[in-house]
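**Q** For reference, the chains in residue letters:
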Amino acid sequence: MEYYAIVLLVYLGTDLLAAWGLNLEFGVAGVANLAFIVTIAAGAYAYVVFTLPSPAAGGSFQQYVGGLSLPFPVALAGGVLAGAVVGVLIGITGLKRLRQDYQAVAMLVVSLMAATIVTADTGFLGGNAGLVLLPNFAPFSDQDPEIQRWLFVAIVAVCCVGGYLVLRRFTNGPIGRALRAMRDDENAAAAIGKDIVAMRLMVQAVGGGFGGLSGALLVAFIGGWSPGAWAYVETLALLTAVIVGGMGNNRGVTLGTFLIAIVLLQGVQFLPQMAFRIGLREDLGWIVLGVVTIAFIWLRPQGMLPERRPKYGGSS
Amino acid sequence: MSQASPILEVRELVKHYGGVRAVDGATFTAARGAITGLIGPNGAGKSTALNVIGGFLSPDGGRVIFDGEDVTGWPMHRLARRGLVRTFQLARVFGGLTTLENLLVAAPGQRGETLWGVLAGKRYWGRQEGQVLLQAREMLRAFGMEAKADEYARNLSGGQKRAVETMRALMMRPKLLLLDEPMAGLSPSLSRQLEDLFLKLTGEGMSLLLVEHGLDTVDRICSNVVVMAQGKVLSEGRMTELRSRKEVQDAYVIG
Amino acid sequence: MQLLIEAIGFGIASGAVIALGAVGFSVQFGMSNILNITYGSLMTLGAYLGLVLIDRGVNAWIALAAAGVVIGVVSVGFHRWLLAPLVRRGTRAFAVVIVTVSAGVVLQYVIVAFAGPDAKSYGEQSGQTFHLAGLILTASQVAIIVLTTALMLALHLLLTRSTLGRAMRATASNRILAQSCGINTDRISDVAWLLSGVLCGAAGVALAITTVSFDFSLGPVFLIPMIAAAVLGGIGQPYGAMLGGMVVGMASELAAAFSNPAYREVVAFAILILMLLIRPTGLFGTASATRRLTA
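So the protein sequences, as listed, match chains P, L and W.
Heads up, the first sequence is in the numbering used here, so the first residue is 1 and it goes up one at a time.
Heads up, the second sequence is in the numbering used here, so the first residue is 1 and it goes up one at a time.
Heads up, the third sequence is in the numbering used here, so the first residue is 1 and it goes up one at a time.
Everything labelled a hint here was simulated from the structure, so no lab data went into it.
Cβ coordinates follow ideal geometry from the N, Cα and C atoms, glycine included.
Mixed in with the good hints there might be a few duds.
Quick look at which bits of chain W chain P covers, simulated, 3 or more residues with Cβ under 8 angstroms [to be verified]:
#1 82-96
#2 216-227
#3 266-280
Only pairs whose alpha carbons sit at most 20 angstroms apart, straight line, appear in this in silico PhoX-like list of lysine-lysine [unchecked claim]:
#4 L:Lys122 to P:Lys311
#5 L:Lys232 to L:Lys246
#6 L:Lys175 to L:Lys200
#7 P:Lys311 to L:Lys148
Here are some chain L residues the structure puts well away from chain P; computed CB gaps all over 10 angstroms [said to hold, decoys possible]:
#8 Ala31
#9 Gly33
#10 Ala34
#11 Thr202
#12 His213
#13 Gly214
Let the hints inform the model, and build the full structure from the sequences given.
**A** What follows is the structure, encoded as structure tokens:
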């Protein structure tokens with residue numbers, strides 16, 4: 001039971017980081033990034049290839065690039081960087097001034113394409129089977145496993161707190177204002193001198209960094225990673241969390257993530273085991289998720305906690 | 001009359017739009033510190049020309065010289081930063097921002113918008129923000145809209161949105177302001193107020209180029225007028241002289 | 001050389017199926033300006049329905065027709081009671097796409113819930129092969145090609161020779177103008193979605209027939225080549241979609257034959273991304289990538 005509490009906390013933490021990143025990109029800046037999951041995957045894979053030993057040396061059954069056996073903090077930073085770089089690359093494909101729904105479909109395709117390429121090329125990142133057997137995080141490996149796990153939770157918590165503080169700098173203040181202007185009307189924003197391209201790439205780098213951190217932490221905990229973990233539907237789950245919680249509102253998104261990622265997607269595990277099929281509970285989770293998304297777009301698109309009206313001082 | 005170089009020179013501008021030569025070799029200048037009117041019958045290419053000059057559309061031919069610099073084909077945000085600012089024909093406000101924020105966001109050169117500024121935090125950009133805030137509240141007062149400061153811009157009336165657009169353009173302290181039918185949909189008294197404001201601004205050194213159908217406005221505030229028809233410039237000069245010229249009369253009747 | 005011939009044969013068959021699906025998708029976009037991502041899952045539903053019928057001994061082609069009709073009805077309902085009202089309330093294009101993606105996910109997992117995640121198959125195909133112009137095609141491939149051609153022809157005749165078809169083209173090109181000419185545009189919309197839904201269901205069954213086995217992920221993965229074909233041909237243009245289908249099918253099979261077979265899908269993905277980046281209106285399209293949605 002206690003182990004499960006730890007799992008929940010880690011999932012919550014990593015999902016929060018991811019949702020905040022997506023909220024920055026979509027809720028605040030209006031970038032329709034349906035390929036966000038790829039930044040999470042990038043962070044995870046980067047962590048993996050940084051921490052695993054070189055494939056030749058270990059006599060491993062796995063095939064992959066890299067294998068640098070780097071320590072935990074470095075690998076984590078590598079994950080963030082990978083997420084940011086991939087975020088920018090995705091951003092470049094979205095630069096053309098397309099209608100938002102075309103952009104969304106293009107991003108969806110990028111997401112599917114990335115998954116297909118990784119699955120197809122077994123020598124690159126382990127193909128469909130993925131990569132496993134990560135070494136335990138070095139600083140704590142001499143501790144009792146239970147203490148190790150709680151220490152990891154603490155690391156995740158620290159990352160979340162730090163992440164949130166960084167996040168707020170981007171969602172509030174002059175830059176937050178400029179991003180929201182870009183979201184509302186890109187052309188008008190350009191007409192008042194905002195460099196749209198630079199702003200978009202910046203949010204995709206920062207958002208991607210959050211995604212990368214999320215992925216790296218998650219994979220460090222789970223110990224393995226494969227394309228099954230980052231199917232395109234995962235972005236939908238995050239998007240639902242953002243929509244349900246309240247687009248553009250960091251606290252709303254926090255609430256939404258808790259409700260969707262934890263209550264819903266984990267909650268279904270507690271339903272009584274259905275007789276005729278295993279795995280039915282997850283399917284139910286996705287079905288409810290889809291219905292909830294549609295319901296919110298229909299009834300309350302601004303989410304549970306709508307974006308807050310900013311207050312400025314100095315009124316007469 | 002000022003002998004200074006013109007703030008804007010347009011030479012042989014060409015723009016194909018929807019299969020037609022909307023602007024077909026237009027050449028004219030706008031004087032510094034003056035209000036220049038761009039008039040002509042419907043379909044003359046005035047709005048298109050303004051859109052090209054303002055960077056919203058890219059030209060298919062010709063040159064645009066702004067303040068002595070060749071800015072042909074420059075993107076909108078670059079022109080805006082140089083001081084060439086345009087407003088849109090249909091008022092485009094940032095609906096999800098409050099009225100006050102619409103003005104704040106327009107202030108140029110905000111340190112809080114650069115990556116370094118963001119990371120450095122409020123200590124770095126706080127003071128500049130305070131100054132911009134004062135400026136914005138001043139502007140709202142001048143236009144009589146302080147009550148709407150914290151209202152989401154999407155909830156404003158059409159006339160109020162136009163006012164916000166104009167205020168926003170002014171927050172940028174432009175050298176040359178391009179306006180597309182700024183009086184459209186405004187009551188006569190508000191029109192008058194806006195005209196007085198424009199005169200005041202040019203007194204302070206700003207230049208204006210406006211597309212306007214209301215010939216009263218043009219009469220009252222434009223020191224120089226450019227007449228366009230069928231994508232070309234028919235005539236340039238003072239309104240009083242132009243009225244009597246035959247080709248201008250013809251253009252308005254036939255064109 | 002043998003490889004090339006085989007690939008071309010596969011390319012034609014694959015192209016036919018893609019064209020079939022792409023045309024339906026294109027018609028929906030042309031009529032309502034919506035990128036209906038649920039289309040993929042609806043195809044999957046069609047494939048599973050066809051399977052249910054075939055397992056009961058129903059003739060494959062009747063099953064195809066029946067599945068088509070069912071999906072047609074579902075499509076109309078989906079548009080009429082979910083998508084159209086959303087658009088009328090001013091929901092932004094992006095949110096509508098999210099709705100279609102979500103609906104697709106719901107449908108997909110409902111299918112899994114009932115039918116299970118295991119791969120299914122339409123069973124043994126007759127081993128009969130045909131030799132045409134140097135190509136070797138199986139009986140079912142030939143049948144699919146014939147069917148697709150027939151359906152495309154029928155659509156063409158409908159659009160050009162019938163009053164209904166004229167009304168459809170008018171509504172798609174300018175809804176308000178069509179209304180002012182007395183056309184009941186809502187009903188025409190419904191008809192368009194019904195017909196395109198039939199094509200969608202038929203494409204799902206056709207797809208299942210031509211692949212060895214399939215599972216619930218059939219739709220989303222195959223949707224991409226269809227969107228690629230539709231965009232390539234000019235989204236909203238059914239004829240462009242037909243041509244686009246052939247191009248995408250052929251390109252995918254040739255790529256698969258001469259390099260990694262898993263890259264078959266990547267070709268379609270790449271075509272779509274490139275088109276969206278370079279020329280979103282397609283090779284023959286007139287639709288604008290910035291036009292607003294119409295209900």
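**Q** Could you run down the list of hints and mark each one as holding or not?
**A** Results of checking the hints against the structure:
no.	hint	verdict
1	82-96	holds (count 8)
2	216-227	holds (count 4)
3	266-280	holds (count 8)
4	L:Lys122 to P:Lys311	15 angstroms, holds
5	L:Lys232 to L:Lys246	16 angstroms, holds
6	L:Lys175 to L:Lys200	14 angstroms, holds
7	P:Lys311 to L:Lys148	13 angstroms, holds
8	Ala31	24 angstroms, holds
9	Gly33	22 angstroms, holds
10	Ala34	23 angstroms, holds
11	Thr202	21 angstroms, holds
12	His213	22 angstroms, holds
13	Gly214	24 angstroms, holds
Checked against the numbered hints listed earlier, the structure breaks none of them; every hint is satisfied.
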